[in-house]
Amino acid sequence: MTFPILSSLILLPTIGALFVLFGRSTSNYNSAKYIALFISVGNFILSLYLWYLFDKDTSGFQFVEERKWLEGFINYKVGIDGISILFVILTTFIIPLCIISVNSTIKHRLKDFIVAILLMETMMIGVFCSLDLVIFYLFFEAGLIPMFLIIGIWGGERRVYSAFKFFLYTLLGSVLMLVAIISIYWITGTTDVIKLYELGIDVNYQNLLWLAFFSSFAVKTPMWPVHTWLPDAHVEAPTAGSVLLAAILLKMAGYGFIRFSVGLFPVASEYFVPLIFILSLIAIIYSSLVALMQEDMKKLIAYSSVAHMGFVTMGIFTMTPQGIEGSIFQMISHGIISAALFFTVGVVYERMHTREIKNYGGLVSVMPRYAIVFMIFTLGSLGLPGTTGFVGEFLILLGTFEVNFTVATVASLGVILGAAYILWLYRRVVFGEITNPDVKKLNDLNNPEMIILSFLAVVSILFGFYPDPLLSTTSASVGDLIDAFNYNVKIFAASNL
Amino acid sequence: MMNLDLIFPEIFLSLSIMTLLMIGVFKKKSENLVYNLSIITLAILFAMVVNLFTINEQFIFNYSYKIDNLSSFMKALTIISGIFVMISSSTYLKSLNILKIEYPILILSSILGMMVMISSNDLIVFYLGLELQSLALYVLASFNRDNILSSESGLKYFVLSALSSGLLLYGCSLVYGFSGSTNFIDIANTSTNIEYGVIFGLVFLIVGLAFKISAVPFHMWAPDVYQGSPTSVTLFFAALPKIAALTVFIRFLFTPFINLIDQWQTIIVFISIASMIFGAIAAIGQSNLKRLIAYSSIGHMGYALAGLASGTNEGIQSSVIYISIYLVMTLAFFSCLFMMRKKNVFYEDIQDLSGLSANHPILSISLLIILFSLAGIPPLAGFFAKFYIFMSVIEQSMYFLAIVGLLSTVLAAFYYLRLIKIIYFDKPKQTFEKDHNFGLRLTLAVSTGILVLYFIYPGLLNELVSKIIVI
Numbered sequence: 001m002t003f004p005i006l007s008s009l010i011l012l013p014t015i016g017a018l019f020v021l022f023g024r025s026t027s028n029y030n031s032a033k034y035i036a037l038f039i040s041v042g043n044f045i046l047s048l049y050l051w052y053l054f055d056k057d058t059s060g061f062q063f064v065e066e067r068k069w070l071e072g073f074i075n076y077k078v079g080i081d082g083i084s085i086l087f088v089i090l091t092t093f094i095i096p097l098c099i100i101s102v103n104s105t106i107k108h109r110l111k112d113f114i115v116a117i118l119l120m121e122t123m124m125i126g127v128f129c130s131l132d133l134v135i136f137y138l139f140f141e142a143g144l145i146p147m148f149l150i151i152g153i154w155g156g157e158r159r160v161y162s163a164f165k166f167f168l169y170t171l172l173g174s175v176l177m178l179v180a181i182i183s184i185y186w187i188t189g190t191t192d193v194i195k196l197y198e199l200g201i202d203v204n205y206q207n208l209l210w211l212a213f214f215s216s217f218a219v220k221t222p223m224w225p226v227h228t229w230l231p232d233a234h235v236e237a238p239t240a241g242s243v244l245l246a247a248i249l250l251k252m253a254g255y256g257f258i259r260f261s262v263g264l265f266p267v268a269s270e271y272f273v274p275l276i277f278i279l280s281l282i283a284i285i286y287s288s289l290v291a292l293m294q295e296d297m298k299k300l301i302a303y304s305s306v307a308h309m310g311f312v313t314m315g316i317f318t319m320t321p322q323g324i325e326g327s328i329f330q331m332i333s334h335g336i337i338s339a340a341l342f343f344t345v346g347v348v349y350e351r352m353h354t355r356e357i358k359n360y361g362g363l364v365s366v367m368p369r370y371a372i373v374f375m376i377f378t379l380g381s382l383g384l385p386g387t388t389g390f391v392g393e394f395l396i397l398l399g400t401f402e403v404n405f406t407v408a409t410v411a412s413l414g415v416i417l418g419a420a421y422i423l424w425l426y427r428r429v430v431f432g433e434i435t436n437p438d439v440k441k442l443n444d445l446n447n448p449e450m451i452i453l454s455f456l457a458v459v460s461i462l463f464g465f466y467p468d469p470l471l472s473t474t475s476a477s478v479g480d481l482i483d484a485f486n487y488n489v490k491i492f493a494a495s496n497l
Numbered sequence: 001m002m003n004l005d006l007i008f009p010e011i012f013l014s015l016s017i018m019t020l021l022m023i024g025v026f027k028k029k030s031e032n033l034v035y036n037l038s039i040i041t042l043a044i045l046f047a048m049v050v051n052l053f054t055i056n057e058q059f060i061f062n063y064s065y066k067i068d069n070l071s072s073f074m075k076a077l078t079i080i081s082g083i084f085v086m087i088s089s090s091t092y093l094k095s096l097n098i099l100k101i102e103y104p105i106l107i108l109s110s111i112l113g114m115m116v117m118i119s120s121n122d123l124i125v126f127y128l129g130l131e132l133q134s135l136a137l138y139v140l141a142s143f144n145r146d147n148i149l150s151s152e153s154g155l156k157y158f159v160l161s162a163l164s165s166g167l168l169l170y171g172c173s174l175v176y177g178f179s180g181s182t183n184f185i186d187i188a189n190t191s192t193n194i195e196y197g198v199i200f201g202l203v204f205l206i207v208g209l210a211f212k213i214s215a216v217p218f219h220m221w222a223p224d225v226y227q228g229s230p231t232s233v234t235l236f237f238a239a240l241p242k243i244a245a246l247t248v249f250i251r252f253l254f255t256p257f258i259n260l261i262d263q264w265q266t267i268i269v270f271i272s273i274a275s276m277i278f279g280a281i282a283a284i285g286q287s288n289l290k291r292l293i294a295y296s297s298i299g300h301m302g303y304a305l306a307g308l309a310s311g312t313n314e315g316i317q318s319s320v321i322y323i324s325i326y327l328v329m330t331l332a333f334f335s336c337l338f339m340m341r342k343k344n345v346f347y348e349d350i351q352d353l354s355g356l357s358a359n360h361p362i363l364s365i366s367l368l369i370i371l372f373s374l375a376g377i378p379p380l381a382g383f384f385a386k387f388y389i390f391m392s393v394i395e396q397s398m399y400f401l402a403i404v405g406l407l408s409t410v411l412a413a414f415y416y417l418r419l420i421k422i423i424y425f426d427k428p429k430q431t432f433e434k435d436h437n438f439g440l441r442l443t444l445a446v447s448t449g450i451l452v453l454y455f456i457y458p459g460l461l462n463e464l465v466s467k468i469i470v471i
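From first to last, the protein sequence lines stand for chains F and H.
Residues in the first sequence are numbered from 1 upward in steps of one, following my numbering.
Residues in the second sequence are numbered from 1 upward in steps of one, following my numbering.
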């Protein structure tokens, strides 16, 4: 038997969490942090090794592990393909940065916070690796518990409201997915994703099942009009929490759309394309406009996340290689850039304890390094060529133009709006006169902050100029997915003649 | 030749009760002794009952008493929860000064009644068991007689329960009148075609039983009785009678009235949906923890009944799994309540939990696990309980029931989250004593451990329960 590398990736953070929780030496705050950092960096290296072993030319699932769990009913099954591996690496990449950032942002109960973050890592990697619907659901839902605590214990003033809203919204969406998963079991006799890909699901049931999955993913993405939990959760969560939310949690839904909605219900996905396009366009235009009017930095970035995720859902449902690959790329890119933006906001929030844009201005003269780093991510967010943001958006628009000219044109308007709100944010915060006397006392970035942000900046620029490693990883699996999709849709169309 | 081995546990328990009563009466200051001996009795009884598991279905006393896997499993469940109820509540009883010899003896008598109920295959035997357990419970509810709330709850429980027993008896007499027999199997054979008399009787029986498991709309007694009774008795109420009543529910629905499934299915679906929704909504406004858990248990009974509503063997098994996991959660929750103690005063207001996590990390993380499990969030055991229920419900294409049930879990999640919010997000207010006796800590550790680790090997309980075949 080969080394169970995926299970190790999933379990390692939990083991780390147990160490931190029960270890004797961890009553000392720093040692808890170092243990967590050690574990999460180890996990990151393991995931890079996984990428190294990963065969890019195979479209099927690799590193598949299967173990009996519920006799003859549900098996614990994990595996990855070109679609999921990048998300795993993104997760393991972001977590160490979050742990570094707790230094300045978490003032009390650091040990508990680290335990929560590590448990989150287990859940998130589990979501991206699981190849059984029930196992997927377990990880998907279990992640709610640590996130609820992260927002509620370490959040801002309205943390209770936000934590409740986050939890109940997501739970409400997910329970319908549970009904759908159980129904799939009774319709096909299995919840194994690989087997379901082969078997296919009866066309008559697809639309309803698709809607049930959609209700869960739409809340998590978040799509308009169920996006309202996101600004609240983002604003109130501590920096590391916002980063986790924006960088990884939202990607669970995008990943779910690709893997389950498109993969399992091709005919229904085809049927609901107009719905997705309309909702995505509203998300792009509407939330960009809303972002323009925000007074709160975190809220602005939260709305920009809604807009960017609008691009992602639009790209997925173009069902073109460019669209889907672009969406995956955009999700990775957004994971890096939005994480970085939340970190940058966190940096000044820790110093000033305000997120109001009008309290800032003129940061460039006191924090020059900060201004540079912020600039990089601003440009990344608006999709300047040479950053990852550009590649993703470009590919998505390319795919969309192929399918629907009008939708693509309107979406392109969103790109302009995206540039407008983020540049305006940058201008108001970094440039201009210093109006607030507190700004003059600010210190520039310290070392941990510099480490976090430079890592993110390097990755963002590196893959902006040279996106091939990411794209070549995904292309085989995406191609396969689209072939299967077209085949199914064609058969369905033929049977209707 | 009658095989008395099968009923040996019941005989042993009756003899033990009498012996313990003698010891209690003739030996001065023997409360502790009797209490501990009762626990030992239950442990022996548990071994006996487990021994009967996996034998084939057998009848004694002219088909009026039935021993099968369902009865053995439920008896074992009753007894093991009885043991944990007793070992976790001894400190509580001592602090309130209500540890008298009658207390363990009443508990044992009640358990005897439940065992008779669980095994009954005849209306008269069933009623005998029911009354034995209920009479013991009336006294237990008012056991803290110097407390006005406790006396009130005992009286209230007595009056309402007597009413429901009356309805039940009326139902029994109707069934007997129209089918000509009190034996479940004979009733099943005679009631193949729909006779209105039998259906009337069935409705009365369901009403009586719904009262016993506090399902909506016959739940009104539960919050008051739960709040007023001493907490140890509340735990007893919340756990044990539900097992017996659910078993009787299964017996009634699937043996004598199996042919009337179209008739009772709608009733059960209604009761189930009403309990789930009502339990979830009414709990939101509660400020007393015992009252809150009363509403929560109403909701949980709704889910357990949903499994029965599916009318299949899988449905029954899922209900049995549900009630087992529910018991573990209840035990765990009440162990936490017993730990909220300061200078022999037990706190039970929701605000007393405020900021608990600052000073009592272990107690609060246990509560966190228990509450999320009650809310049915994976990967905790409470999720699996609901998962099996909905598996069997959806198998029968009862989508409405499934969707309403799952949506009401979202409603219910709100008040569990509220408790977690109070424990974790609010400012510290109370500190409690930290020295707890071994039994209490053991109960909490075992039950919370089960809730957390259940997902690693969920097959264990499944395999046991899959041996329960009713139809």
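It is worth saying that the hints were derived from the structure and are not from the lab.
Possibly wrong hints are sitting among the right ones.
[Stated by the list, open to error] A few chain F residues that face chain H, going by a derived Cβ cut-off under 8 Å, partial list only:
#: 1; residue: Leu138
#: 2; residue: Ile145
#: 3; residue: Trp186
#: 4; residue: Leu292
Everything numeric in this text was worked out from a predicted model, so none of it was measured.
Every residue gets a Cβ at the ideal spot worked out from N, C-alpha and C, and that includes glycine.
Hint check:
| no. | hint | result |
| --- | --- | --- |
| 1 | Leu138 | holds (4 Å) |
| 2 | Ile145 | holds (6 Å) |
| 3 | Trp186 | holds (5 Å) |
| 4 | Leu292 | violated (33 Å) |
In terms of the numbered hints stated before, the structure departs from hint 4 and from no other.
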